[in-house]
Amino acid sequence: MNSARALTTLRTLIGVLAMAVLFAGSARAELVKGAASYTPVCAVDIGTTLRDAHRLAAKIGASVVRVEGGSMLPYFGDGSVLVVRVSNLESLRAGAVVVYRNARGETVAHRLETRVAGGWRVRGANNRTADSTVVTAENFLGSVYATFHSNARGLDAVGSELAGLIGSTPVVLAATAR
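Start counting at 1 in the sequence shown, then tack on 3, and there's your number in the numbering used here.
Don't take each hint at face value.
Stated by the list, open to error - Pair by pair, the computed Cβ-Cβ distance ranges are:
{"#": "1", "residue 1": "Glu-71", "residue 2": "Ala-97", "range": "33 to 39 Å"}
{"#": "2", "residue 1": "Ala-120", "residue 2": "Gly-98", "range": "27 to 33 Å"}
{"#": "3", "residue 1": "Thr-117", "residue 2": "Ser-90", "range": "16 to 22 Å"}
{"#": "4", "residue 1": "Asn-91", "residue 2": "Val-174", "range": "33 to 39 Å"}
{"#": "5", "residue 1": "Ala-61", "residue 2": "Glu-116", "range": "17 to 23 Å"}
{"#": "6", "residue 1": "Gly-108", "residue 2": "Arg-131", "range": "31 to 37 Å"}
{"#": "7", "residue 1": "Ala-106", "residue 2": "Asp-81", "range": "19 to 25 Å"}
{"#": "8", "residue 1": "Ala-106", "residue 2": "Asn-154", "range": "29 to 35 Å"}
{"#": "9", "residue 1": "Thr-117", "residue 2": "Glu-141", "range": "27 to 33 Å"}
{"#": "10", "residue 1": "Ala-46", "residue 2": "Glu-141", "range": "20 to 26 Å"}
{"#": "11", "residue 1": "Thr-139", "residue 2": "Arg-58", "range": "16 to 22 Å"}
Quick caveat, the hints were computed from the structure, so don't treat them as lab data.
Note that this is a predicted model, so its numbers are computed, not measured.
The beta carbon of each residue, even a glycine, is placed where N, CA and C say it ideally should be.
Work out the full structure: start from the sequences and follow the hints.
Below, the structure is given as structure tokens:
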């Protein structure tokens with residue numbers, strides 16, 4: 004890579020990191036011991052979390068999804084918001100968190116575990132077994148670029164602007180293996 008291209012890449016990386024710090028503000032995710040596992044919680048409401056995630060996604064050409072489920076705890080769970088970037092499935096490595104559509108038509112966010120014929124076997128961090136659907140180029144939607152945590156409050160009493168933002172943000176499952 005020539006020095007001009009390396010400098011441009013470095014500036015882009017610094018800009019994205021600065022945005023992440025800006026959006027995070029003074030909020031800090033903490034792990035709280037729950038009945039089954041640790042759950043990331045944050046003082047930031049879901050509206051702020053969604054707005055920040057959508058701003059970042061717009062800057063990098065990505066999409067945003069809301070998480071339902073706890074199979075990826077303590078990394079993310081209910082109330083978390085993911086920025087998902089389209090990428091090449093073949094360039095990913097074991098351990099990457101991806102979003103894909105399973106055989107039941109559900110959108111799922113789980114971690115790449117091992118390469119298998121035709122794709123990748125995936126599993127939720129809290130799941131004992133791998134998912135039955137193999138992630139392939141056909142059902143792969145993208146890789147998780149950023150995770151935003153919220154207190155998951157605010158979904159029940161939202162104004163019209165936030166209701167539109169929530170309604171336009173698809174849900175991704177972090178669920179037990181199926």
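Just to be sure I understand the hint, the distance between the Cβ atoms of Ala-106 and Asp-81 should be within 19 to 25 Å; is that true here? 24 Å, holds
For the pair Thr-117 and Ser-90, does the Cβ-Cβ distance stay inside 16 to 22 Å? 19 Å, holds
Satisfaction of the hinted span 20 to 26 Å by the C-beta atoms belonging to Ala-46 and Glu-141: Hint violated: Cβ distance 40 Å, outside 20 to 26 Å.
Does the Cβ-Cβ separation between Ala-61 and Glu-116 fall within 17 to 23 Å? 32 Å, violated
Does 31 to 37 Å hold as the CB distance between Gly-108 and Arg-131, or does it fail? 24 Å, violated
Starting from the hint 16 to 22 Å, judge whether the C-beta atoms of Thr-139 and Arg-58 obey it. The hinted range 16 to 22 Å is violated for Thr-139 and Arg-58, with Cβ atoms some 32 Å apart.
With 27 to 33 Å as the target window, see if Thr-117 and Glu-141 comply at their CB atoms. 19 Å, violated
Between Asn-91 and Val-174, is the Cβ distance one that fits in 33 to 39 Å? 25 Å, violated
Lying within 27 to 33 Å: is that true of the beta-carbon distance Ala-120 to Gly-98? Since Ala-120 and Gly-98 have Cβ atoms about 20 Å apart, the given range 27 to 33 Å is violated.
Per the hint of 33 to 39 Å, is the separation of the Cβ atoms of Glu-71 and Ala-97 within bounds? 25 Å, violated
Is the gap between the beta carbons of Ala-106 and Asn-154 within 29 to 35 Å? 34 Å, holds
Violated hints, listed in ascending order, are 1, 2, 4, 5, 6, 9, 10, 11; each of the other numbered hints is respected by the structure.
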